[in-house]
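Peer 1: Chains as they are written, first to last, in our numbering: chain A, 1 to 311; chain B, 1 to 311.
The set of hints was computed from the structure by calculation and includes no laboratory data. Careful, some of the hints might be misleading.
One copy or any two copies: either way a pair holds, since identical chains are not told apart in the list.
As the list claims (entries may be wrong) - The list that follows gives simulated cross-link-like pairs (lysine to any residue, SDA-like), each with its CA atoms no further than 20 angstroms apart:
{"id": "1", "residue 1": "K225", "residue 2": "D88"}
{"id": "2", "residue 1": "K153", "residue 2": "C165"}
{"id": "3", "residue 1": "K153", "residue 2": "G169"}
{"id": "4", "residue 1": "K304", "residue 2": "F5"}
{"id": "5", "residue 1": "K58", "residue 2": "I99"}
{"id": "6", "residue 1": "K291", "residue 2": "E72"}
{"id": "7", "residue 1": "K291", "residue 2": "S152"}
Everything numeric in this text was worked out from a predicted model, so none of it was measured.
There are 2 protein chains.
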Amino acid sequence: MSNFFNGTAFPDVSAWNAFSANELERNSEHLSAEDLAAAWQNPSANAYLYQNGDPVLKTVDGGTTAEFSLDEVANLRADTENGIYLGDRNGAPALAAIISGETELPEPYITLDMRSVVTSGSVAAHQVAALGHGWSMLAWHKNHRFCANCGSKTEKAQAGYRRNCSSCGRVHFPRLDPVSIMLVVDGDRCLMGRQPHFAEGMYSCLAGFIEPGETMENAVRREIKEEAGIDVSAVRYHATQPWPFPHTLMFGCFAKAASTNITMDETELEDCRWFDRNELGDMLTRENTLKTPPPMAIAHQLIKTFYDFSG
Amino acid sequence: MSNFFNGTAFPDVSAWNAFSANELERNSEHLSAEDLAAAWQNPSANAYLYQNGDPVLKTVDGGTTAEFSLDEVANLRADTENGIYLGDRNGAPALAAIISGETELPEPYITLDMRSVVTSGSVAAHQVAALGHGWSMLAWHKNHRFCANCGSKTEKAQAGYRRNCSSCGRVHFPRLDPVSIMLVVDGDRCLMGRQPHFAEGMYSCLAGFIEPGETMENAVRREIKEEAGIDVSAVRYHATQPWPFPHTLMFGCFAKAASTNITMDETELEDCRWFDRNELGDMLTRENTLKTPPPMAIAHQLIKTFYDFSG
Numbered sequence: 001m002s003n004f005f006n007g008t009a010f011p012d013v014s015a016w017n018a019f020s021a022n023e024l025e026r027n028s029e030h031l032s033a034e035d036l037a038a039a040w041q042n043p044s045a046n047a048y049l050y051q052n053g054d055p056v057l058k059t060v061d062g063g064t065t066a067e068f069s070l071d072e073v074a075n076l077r078a079d080t081e082n083g084i085y086l087g088d089r090n091g092a093p094a095l096a097a098i099i100s101g102e103t104e105l106p107e108p109y110i111t112l113d114m115r116s117v118v119t120s121g122s123v124a125a126h127q128v129a130a131l132g133h134g135w136s137m138l139a140w141h142k143n144h145r146f147c148a149n150c151g152s153k154t155e156k157a158q159a160g161y162r163r164n165c166s167s168c169g170r171v172h173f174p175r176l177d178p179v180s181i182m183l184v185v186d187g188d189r190c191l192m193g194r195q196p197h198f199a200e201g202m203y204s205c206l207a208g209f210i211e212p213g214e215t216m217e218n219a220v221r222r223e224i225k226e227e228a229g230i231d232v233s234a235v236r237y238h239a240t241q242p243w244p245f246p247h248t249l250m251f252g253c254f255a256k257a258a259s260t261n262i263t264m265d266e267t268e269l270e271d272c273r274w275f276d277r278n279e280l281g282d283m284l285t286r287e288n289t290l291k292t293p294p295p296m297a298i299a300h301q302l303i304k305t306f307y308d309f310s311g
Numbered sequence: 001m002s003n004f005f006n007g008t009a010f011p012d013v014s015a016w017n018a019f020s021a022n023e024l025e026r027n028s029e030h031l032s033a034e035d036l037a038a039a040w041q042n043p044s045a046n047a048y049l050y051q052n053g054d055p056v057l058k059t060v061d062g063g064t065t066a067e068f069s070l071d072e073v074a075n076l077r078a079d080t081e082n083g084i085y086l087g088d089r090n091g092a093p094a095l096a097a098i099i100s101g102e103t104e105l106p107e108p109y110i111t112l113d114m115r116s117v118v119t120s121g122s123v124a125a126h127q128v129a130a131l132g133h134g135w136s137m138l139a140w141h142k143n144h145r146f147c148a149n150c151g152s153k154t155e156k157a158q159a160g161y162r163r164n165c166s167s168c169g170r171v172h173f174p175r176l177d178p179v180s181i182m183l184v185v186d187g188d189r190c191l192m193g194r195q196p197h198f199a200e201g202m203y204s205c206l207a208g209f210i211e212p213g214e215t216m217e218n219a220v221r222r223e224i225k226e227e228a229g230i231d232v233s234a235v236r237y238h239a240t241q242p243w244p245f246p247h248t249l250m251f252g253c254f255a256k257a258a259s260t261n262i263t264m265d266e267t268e269l270e271d272c273r274w275f276d277r278n279e280l281g282d283m284l285t286r287e288n289t290l291k292t293p294p295p296m297a298i299a300h301q302l303i304k305t306f307y308d309f310s311g
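All chains should be modelled from the sequences, with the hints used to inform the complete structure.
Peer 2: Structure (structure tokens):
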């Protein structure tokens, strides 16, 4: 018996992150227009709905739901023509569609921005994940109606998991933008910065899009060097988070500082400094003048993990 | 002093992978059309060139180079108009451009497909990485000449790190497609499969594109369930690899099997089975009837790591 996987536990820390509790069984490669049409006729189907980029919710006994029956979808005049098939949960299809901004939502339906949906805590985790999943795909469809290769109109295919160009023959798949986000650690302290648009007093991890031709580890090194002038030795992967603003995939890492003098990129940041571990406890509760991002952000989870497991 | 990063070594195993040794300092966010124009006039600049999708090479004393002087770029009539700025190495700009397929290359210039460039071992690792970097970006430019949002023509911006649509105002960044690739481990054995188009006798790790709304770990679980019907418990990140075919980012993982009966997806695979660890040594040398992918592939590194560190 091999000891390759023994001796160390590998908890799925990505499961700590908002938007990670996706319970939809996908079969995306094998879905067809017929499957999509049948799902919109399936009495057990549910749909996630959006208006002006925000999820639609309804208060029900014991909480808030983002899953609507097909009768409700029809009453709310959702654009099922451009709707998509996300996957199945307990055998029931989950669909997603947009309601025109001109439609007035009747009671008890409301919209709430995605961040508030998460922080409210009133929507089940699997629904939060499906809401993010649906929005990443619908936003991609909205912004990819034309073929980047030839400029012609494209058409939804594979029940929403693809768009086809009938003019040049290209197929287009949903775009996901990988980002590295990292907490730089130097013994008992960690590096955080703030951008001018952040909420007052908020400091967070540095982050940036991974670029062509670099590993995740080298992207971490480059970002920290560019934004803070700090050199990094070891980089340790922590967790991923699907981040539906609109279709980012966050790769959270810890990075070990190999230098400590900060040279800040003033076009990106308005402050960047080392924080002692004992400053972090109050920042994580967010009741302090200085605070971390909220728990829904992977940055919070990185900072909390460092706080909990160091010292 | 914190022990957060102590007690365990975090070697950068991504550095074991082909295309990972990128030495170019990017400054992509701050590059302009003026910087690009100046680089094409800089006597210390080098360019990476491609024809029909393959890198251009030249044999020189002591090896093969893919870096060409601007005089050579002019002689070879590379399309500098659509050329891009990758970054700087030792202060010298590195550029990339395409040579028309109709241009006959004079001696001593040749083209060689990207995989053969790597396996030949004759091109320096930092050049191999730059070749991959350049091709991922040039292929994106070639296939993204139009705005996916409105269908208008787009224009190169930020020295090649962006395209702008002057019609609807959208900006477009190079696309990177994250893929999870995983070796499933069950004690002393691991799971590999083969697709019909593989070289004879070759078996490899399972893999698939990460989709919107899922973590890397859940993408691993879904792919293994879809392709082999196997359940997975722990997932452990190993390394990333930039994979320029044309702009993929591979996330290599180990996954611990929680079930062992294989139900193969026959539309994807023509075989899938468990391999005992003692079968792997001969497969890794690739002199056997059955073999792994070559060392340039992250799949090889995953299999080799399991072989070296298990048992």
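Peer 1: All the hints need checking, so say for each whether the structure fits it.
Peer 2: Hint by hint, here is what the structure shows:
1. K225 to D88: between (44 angstroms within a copy, 15 angstroms between copies)
2. K153 to C165: This pair counts as both: shortest intra-copy Cα distance 7 angstroms, inter-copy 16 angstroms.
3. K153 to G169: Both ways: K153 and G169 sit 11 angstroms apart in one copy and 18 angstroms across, limit 20 angstroms.
4. K304 to F5: between (26 angstroms within a copy, 15 angstroms between copies)
5. K58 to I99: Answer is within: at 15 angstroms inside a copy they meet the 20 angstroms cutoff, but 58 angstroms across does not.
6. K291 to E72: For K291 and E72, the Cα distance exceeds 20 angstroms both inside one copy (41 angstroms) and across copies (55 angstroms).
7. K291 to S152: neither (48 angstroms within a copy, 44 angstroms between copies)
The structure does not agree with the numbered hints 6 and 7 stated previously, though it agrees with the rest.
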